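Asker: The hints should help you fit chain P with the ligands onto chain R, whose structure is shown.
The primary structure of each chain is shown beneath.
Number of protein chains: 2
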Amino acid sequence: MPQDHRTITVSLTADPYPILIGEGLLGRLGSFLIERGFQSGTRVLVVTNPEVQGFHGAEALTGLESSGFVVRTLVLEAGEERKTPATVAAIHDAAFAHRLERSSLIVALGGGVVGDMAGFAAATWLRGIAVVQVPTTLLAMVDAAIGGKTGVNHPGGKNLIGAFHQPKLVLIDPRVLVTLPEREFRAGMAEVIKYAVIGDEQLFNDLEQAAERDPRGALASREAMGPELLQRLLERSAAAKARVVAADEREGGLRAILNYGHTLGHAVENLSGYGTWLHGEAVGLGMIAAGDIAVAMGLWSQADQDRQRRLVAAAGLPMGWPALDPDVVLTALQADKKVRQGKVRFVLPTGVGSVTIRDDVDPATIRAALAVAASNVVFR
Amino acid sequence: MPQDHRTITVSLTADPYPILIGEGLLGRLGSFLIERGFQSGTRVLVVTNPEVQGFHGAEALTGLESSGFVVRTLVLEAGEERKTPATVAAIHDAAFAHRLERSSLIVALGGGVVGDMAGFAAATWLRGIAVVQVPTTLLAMVDAAIGGKTGVNHPGGKNLIGAFHQPKLVLIDPRVLVTLPEREFRAGMAEVIKYAVIGDEQLFNDLEQAAERDPRGALASREAMGPELLQRLLERSAAAKARVVAADEREGGLRAILNYGHTLGHAVENLSGYGTWLHGEAVGLGMIAAGDIAVAMGLWSQADQDRQRRLVAAAGLPMGWPALDPDVVLTALQADKKVRQGKVRFVLPTGVGSVTIRDDVDPATIRAALAVAASNVVFR
Ligand SMILES: NC(=O)c1ccc[n+]([C@@H]2O[C@H](COP(=O)([O-])OP(=O)(O)OC[C@H]3O[C@@H](n4cnc5c(N)ncnc54)[C@H](O)[C@@H]3O)[C@@H](O)[C@H]2O)c1
Ligand SMILES: NC(=O)c1ccc[n+]([C@@H]2O[C@H](COP(=O)([O-])OP(=O)(O)OC[C@H]3O[C@@H](n4cnc5c(N)ncnc54)[C@H](O)[C@@H]3O)[C@@H](O)[C@H]2O)c1
Ligand SMILES: [Zn+2]
Ligand SMILES: [Zn+2]
Numbered sequence: 001m002p003q004d005h006r007t008i009t010v011s012l013t014a015d016p017y018p019i020l021i022g023e024g025l026l027g028r029l030g031s032f033l034i035e036r037g038f039q040s041g042t043r044v045l046v047v048t049n050p051e052v053q054g055f056h057g058a059e060a061l062t063g064l065e066s067s068g069f070v071v072r073t074l075v076l077e078a079g080e081e082r083k084t085p086a087t088v089a090a091i092h093d094a095a096f097a098h099r100l101e102r103s104s105l106i107v108a109l110g111g112g113v114v115g116d117m118a119g120f121a122a123a124t125w126l127r128g129i130a131v132v133q134v135p136t137t138l139l140a141m142v143d144a145a146i147g148g149k150t151g152v153n154h155p156g157g158k159n160l161i162g163a164f165h166q167p168k169l170v171l172i173d174p175r176v177l178v179t180l181p182e183r184e185f186r187a188g189m190a191e192v193i194k195y196a197v198i199g200d201e202q203l204f205n206d207l208e209q210a211a212e213r214d215p216r217g218a219l220a221s222r223e224a225m226g227p228e229l230l231q232r233l234l235e236r237s238a239a240a241k242a243r244v245v246a247a248d249e250r251e252g253g254l255r256a257i258l259n260y261g262h263t264l265g266h267a268v269e270n271l272s273g274y275g276t277w278l279h280g281e282a283v284g285l286g287m288i289a290a291g292d293i294a295v296a297m298g299l300w301s302q303a304d305q306d307r308q309r310r311l312v313a314a315a316g317l318p319m320g321w322p323a324l325d326p327d328v329v330l331t332a333l334q335a336d337k338k339v340r341q342g343k344v345r346f347v348l349p350t351g352v353g354s355v356t357i358r359d360d361v362d363p364a365t366i367r368a369a370l371a372v373a374a375s376n377v378v379f380r
Numbered sequence: 001m002p003q004d005h006r007t008i009t010v011s012l013t014a015d016p017y018p019i020l021i022g023e024g025l026l027g028r029l030g031s032f033l034i035e036r037g038f039q040s041g042t043r044v045l046v047v048t049n050p051e052v053q054g055f056h057g058a059e060a061l062t063g064l065e066s067s068g069f070v071v072r073t074l075v076l077e078a079g080e081e082r083k084t085p086a087t088v089a090a091i092h093d094a095a096f097a098h099r100l101e102r103s104s105l106i107v108a109l110g111g112g113v114v115g116d117m118a119g120f121a122a123a124t125w126l127r128g129i130a131v132v133q134v135p136t137t138l139l140a141m142v143d144a145a146i147g148g149k150t151g152v153n154h155p156g157g158k159n160l161i162g163a164f165h166q167p168k169l170v171l172i173d174p175r176v177l178v179t180l181p182e183r184e185f186r187a188g189m190a191e192v193i194k195y196a197v198i199g200d201e202q203l204f205n206d207l208e209q210a211a212e213r214d215p216r217g218a219l220a221s222r223e224a225m226g227p228e229l230l231q232r233l234l235e236r237s238a239a240a241k242a243r244v245v246a247a248d249e250r251e252g253g254l255r256a257i258l259n260y261g262h263t264l265g266h267a268v269e270n271l272s273g274y275g276t277w278l279h280g281e282a283v284g285l286g287m288i289a290a291g292d293i294a295v296a297m298g299l300w301s302q303a304d305q306d307r308q309r310r311l312v313a314a315a316g317l318p319m320g321w322p323a324l325d326p327d328v329v330l331t332a333l334q335a336d337k338k339v340r341q342g343k344v345r346f347v348l349p350t351g352v353g354s355v356t357i358r359d360d361v362d363p364a365t366i367r368a369a370l371a372v373a374a375s376n377v378v379f380r
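Residue numbers (the UniProt record's numbering), protein chains in the order written: chain R, 1 to 380; chain P, 1 to 380.
Extracted from the complex, chain R is given alone in its bound form (with noise of 0.2 Å):
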């Protein structure tokens, strides 16, 4: 078979696992699973939501039955307040009635709504069964589906029940895409340009050089990247969050530097309602946030900012958030989960492709920053 696709590992001391990247790949499904070790006639449950089964259903059922395995589908509606205990009961009842075994398997296929959902409950179903993560989003494609975080919301805060369950293989077709609305393509872009920041300066020029030709959207939709560079972005962004999950499995330190961005972006996220911003809209003015403070910081030089914030531009994403009231960010910034003993940690940037972490952030600091992104029109 000629190399239509890159792999990538994420090299886990205990059962490392391939990134398939490639267009087409989706109906290829079951014989990737064959390679990776499963047998034909393996039970499987597909867990996706209407909309993708809809898209690409039929390409995944496909792509399995063709290799032999014995496939039923569950479509759940999965939006963020569908992630939750109930709707992990009704993928375990699929799991009883399609009588999956131990030796059986869970494809997660759909954002990373679906991804998340699947995955926890294969992580508790027999105590654990595989699962193979399908992302068809771009923010799960280069962040969601790798690196064995799952889980559901509990009424007191989002992704507080969960287990961590690596999966069996992640194989990602760019062609599934050509069906995502743009402002969820663009929301994905921000998780995109974080891995450039933080950690591959050859990732950002790639993306700055396609920036170049249309500052407000040579990034933010896929036809207007095309083919070449969304691979090459999907790759680079895989193997940014595969290294890092490769080197802190649980989360126990280096994994930190994927917030960057993050901890501004949930406080704005939360206090605006979930809804108003998605995900990556918010991770977006928070990495603007981040390097307007990292900048008064003296950490890194406002042409690198104003570098990045044309990046972030040029993705479509929004580039400044309704005035809130400083002291309520502050106080929502305490509540988040990144605190530890009381200090607000943040990631801030030392130059293209370099982070440093930092819990001394001056609160003068980080209310100039709220009121620079505040200062900014608000395209939504």
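Hints are not guaranteed to be accurate.
No copy labels: a pair is met if it fits in one copy or bridges any two.
[Claimed, not checked] The calculated SDA-like cross-link candidates involving lysine to any residue, where the alpha carbons are at most 25 Å apart (straight line), are:
no.	residue 1	residue 2
1	K158	S272
2	K158	G351
3	K343	A97
4	K168	I34
5	K343	R43
6	K168	T84
7	K158	L74
8	K168	A58
9	K168	P326
10	K168	G351
11	K343	G253
12	K158	D325
For the record, the hints were derived by calculation from the structure and aren't laboratory data. Since this is a predicted model, take the numbers as computed values, not measurements.
Answerer: Coordinates of chain P with the ligands only, in the frame set by chain R:
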């Protein structure tokens, strides 16, 4: 501090943990946690049930608070019928209300039901926080609390929902058994005899020696056996379980030998309706039946089978079961989780202290063993 207790280590590569066994340890729980690296001031959620809370809750609380832990106790009804996702949700609610963090701790204070549920809740809160098992039934001390199997029941079957989540510490204080109903004590003895048969001839001999004093009851209660033998059998049983778990953490192979007596035991337990037999009682019967099968297959001697039978009798366990339709039993066996590709897997003794795993047991042999078991007096 004088060495007034024994420590057995579960030698897992990733995170080995101690099992502490000794009279009066419960009141010193906090200091053992400090020794294990937990910090004074850590938030602790104790999960228990009304009986255990009534008898031992105060001592556990004092034991924790005197070392500076910040404790909240959740008292739950914890019958097998309450071992459900709904109860896990209640534990999660308490975890949230008590503001448990990644560094916090859940203490399971109770029998296997509490241990399995609290362990699973810990496994799935914030993607896994620490759990400490403080078993208060004999069965939980020698079996359920050690090895990291946690979970709850699904309407379709027992323990279908769960996770592997090893405790940070297992604290066994035989003194809490003073309040345990004797029938529960005897049920636990079945698992002790199991360890003796599958791998500990010395333990078998110790039990046998005691049994000679009173073949109908010397092993049937804490009082009858006395504290020295109790301490010894707790140590040997915990060590046996620890060895098997260390060799096969995720139940890939060796751990199957722990199912000695469980193949027919489970079938009879299920067919009689839950609640008719305690698990250990069914296991006692299952071991006798497995012994008969092994004799019939020429795997072990009638003399050894008689020795095993005497131990089961001395533990005051039922020695026979009602005549069940053998076809119904055989069908139930097929439905059991221990079936692989339609073959029923039996753990069969080949001597005192050794077993073999066989999936080629002739149905006629199983029928014969069932008939023998049914011909015995059922004294319940
Ligand atoms: N596990 C992790 O490490 C991790 C990391 C980041 C985010 N997450 C989680 O991921 C979730 C967000 O994921 P998301 O951004 O993918 O959102 P999502 O899963 O909600 O999907 C966004 C929308 O896109 C639709 N969609 C998905 N694929 C499509 C396609 N190919 N064509 C058309 N429509 C499609 C979905 O139906 C949905 O309406 C959050 O719950 C977040 O907590 C998890
Ligand atoms: N995780 C494992 O590896 C594993 C192994 C074996 C069994 N189990 C599970 O364990 C459960 C059975 O556990 P169990 O036999 O301990 O039963 P249990 O937890 O139901 O306890 C039995 C009864 O004893 C009472 N009790 C407990 N300690 C007491 C004490 N010190 N004084 C007075 N009363 C006390 C309880 O309130 C309960 O009524 C089952 O759900 C089974 O699936 C798990
Ligand atoms: Zn993110
Ligand atoms: Zn048992």
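Asker: For each hint, tell me whether it holds in the structure or not.
Answerer: Each hint, compared with the structure:
In the homo-oligomer, the alpha carbons of K158 and S272 lie at most 25 Å apart inside one protomer (15 Å), although the nearest pairing across protomers, at 43 Å, exceeds that limit. In the homo-oligomer, the alpha carbons of K158 and G351 never lie at most 25 Å apart, since the shortest distance is 31 Å inside one protomer and 55 Å across protomers. Within a single copy, K343 and A97 get their C-alpha atoms only as close as 48 Å, which misses the 25 Å cut-off; across copies the closest is 22 Å, which meets it. In the homo-oligomer, the alpha carbons of K168 and I34 lie at most 25 Å apart inside one protomer (12 Å), although the nearest pairing across protomers, at 38 Å, exceeds that limit.
Proximity of K343 and R43 under a CA criterion of 25 Å is satisfied inter-copy only: 19 Å between copies versus 48 Å inside one chain copy. With identical chains, the CA atoms of K168 and T84 are at most 25 Å apart within one copy only, with a shortest distance of 24 Å there and 28 Å across copies. For a Cα distance limit of 25 Å, the shortest separation of K158 from L74 qualifies both inside one copy, at 24 Å, and across copies, at 23 Å. Taking the shortest alpha-carbon separations for K168 and A58, only the intra-copy value of 22 Å comes in at or below 25 Å, while the best inter-copy value is 46 Å.
In the homo-oligomer, the alpha carbons of K168 and P326 never lie at most 25 Å apart, since the shortest distance is 44 Å inside one protomer and 42 Å across protomers. Taking the shortest alpha-carbon separations for K168 and G351, neither the intra-copy value of 35 Å nor the inter-copy value of 41 Å comes in at or below 25 Å. Taking CA atoms no more than 25 Å apart as the test, K343 paired with G253 passes inside one copy only; the shortest distance there is 16 Å, against 47 Å between copies. Taking the closest pair of Cα atoms, K158 and D325 come within 25 Å of each other only inside a single copy of the chain (23 Å); across copies the shortest separation is 52 Å, beyond that limit.
Violated hints for the displayed structure, listed by number in ascending order: 2, 9, 10.
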